[in-house]
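Put chain A on the given structure of chain W with help from the hints.
Residue numbers (this note's numbering), protein chains in the order written: chain W, 1 to 210; chain A, 1 to 210.
In case anyone wonders, no lab produced these hints; they're calculated from the structure.
A quick note: this is a predicted structure, and the numbers were derived from the prediction, not measured.
Treat the hints with care, since some could be wrong.
In silico lysine-lysine, DSSO-like type, Cα no more than 27 Å apart, as pairs [to be verified]:
| no. | chain 1 | residue 1 | chain 2 | residue 2 |
| --- | --- | --- | --- | --- |
| 1 | A | K90 | A | K205 |
| 2 | A | K90 | W | K109 |
| 3 | A | K111 | W | K2 |
| 4 | A | K2 | W | K186 |
| 5 | W | K37 | A | K2 |
| 6 | A | K186 | A | K33 |
| 7 | W | K37 | W | K2 |
| 8 | W | K2 | A | K2 |
| 9 | A | K109 | A | K37 |
| 10 | W | K186 | W | K205 |
| 11 | W | K186 | A | K37 |
| 12 | W | K152 | A | K2 |
| 13 | W | K2 | A | K109 |
| 14 | W | K109 | A | K2 |
| 15 | W | K90 | A | K109 |
| 16 | A | K152 | W | K2 |
| 17 | A | K33 | A | K2 |
| 18 | A | K122 | W | K111 |
| 19 | A | K122 | A | K111 |
| 20 | A | K186 | W | K186 |
| 21 | W | K122 | W | K109 |
In silico contact screen, one side only, chain W against chain A (beta carbon under 8 Å); selected entries [unchecked claim]:
| no. | residue |
| --- | --- |
| 22 | T42 |
| 23 | A44 |
| 24 | R53 |
| 25 | S55 |
| 26 | G151 |
| 27 | F165 |
| 28 | V166 |
| 29 | S192 |
| 30 | N193 |
Glycine residues also receive a C-beta, built at the ideal position from the N, C-alpha and C atoms.
The primary structure of each chain is shown beneath.
There are 2 protein chains.
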Amino acid sequence: MKIEHILPADIERRSMEIIEEELGEICLPPMEKDVIKRVIHTSADFEYARTLRFSDAAVERGLAALRQGCTIVTDTNMACTGISQAALDKLGCRKVCFMADADVAAEAKAKGTTRAAACMDKACRLEGPVIIAVGNAPTALIRLHELMEQGKIRPELVIAVPVGFVNVVYAKELIMAGRAPYIAAKGRKGGSNIAAAICNALLYKLTRDA
Amino acid sequence: MKIEHILPADIERRSMEIIEEELGEICLPPMEKDVIKRVIHTSADFEYARTLRFSDAAVERGLAALRQGCTIVTDTNMACTGISQAALDKLGCRKVCFMADADVAAEAKAKGTTRAAACMDKACRLEGPVIIAVGNAPTALIRLHELMEQGKIRPELVIAVPVGFVNVVYAKELIMAGRAPYIAAKGRKGGSNIAAAICNALLYKLTRDA
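Just chain W, same shape as in the assembly:
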């Protein structure tokens, strides 16, 4: 095993070339392909080429929201940290995570639910267009689905990629059967890193390709 000599600035480009090569002949629409490639870049897991699902024009809806200066709401501080602040700044967008907020903890305790679910209630009070990115808690998606059904929130895009073993598959299928535009990872896999990577794939389309 030898080292590959490469300039720091070229590492990402080279990585994407390798991913492209290994994806081979899989036919993916270009808008979605960039998202899939970035998720594989962040996970080294080619399974996402099969499991990432997009509702019609989901990527376009996400890009339109970012062009309008939307708020991205995440269900973990880790996902929030992973989203490019520089790219958000260029577009006049912002990212928020309510998980550490005292009012969210109090509401979750009072209702016997999770803090992640209570975050979705808090997201209903945001002004302007919203993208919801869930990389951890299926309870957030289940509550989001209820709130959408009740007409209390209408996200421009739902990024539904929680990871895990309890109600994760169920929660993602709920979102995929719903009316909101979504990007979802079918099955158990996902994570805060995947949620952040999808957000960054969309952000970079608007800030790097220009």
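Positioned in the frame of chain W, the structure of chain A alone reads:
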């Protein structure tokens, strides 16, 4: 697909039961098994049961460092964010990430290296025992290896789980062939979430089992 009704506090316990069941008869030492299970919990990827590698007594070395109030150095803010602050506080430990520091950016530029590599140079100046947790940049591991060879840093434990396609496998093999205690993910897979999960698995052994 139906919902599984479960109290928020029981979700993690139930997830670990499912992981335990699906791991089946795989014979793993208990100290290492808890780390492997938490990595699978965070990724839903059972491949880590095969690919996570531990040097002799690596877990014990990590626990000893945490008991001494060590500093955990990460190569991404995302990994840093994912490490339990509450558990660190209980043990008098701390976590740091130098990636956003101006002096690190300046040094990387001057030397034509990555900021992640420059972070390892900065870590040499820390006082007290150190755990290095790399979830992203192979260049950090390669520089760390050089610094260890030069006797400039002697980490209590190296968590070597960068993800990706360029020099990632090489960098991990370098660490696995070295003298420092390590926990590494053989192959391309890993990530900031994996680095944080390994740190948390160690932290929870000392703060939850008590």
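Hints violated by the structure (numbers, ascending): Those not satisfied are hints 5, 8, 9, 17, 18, 24, 25, 26.
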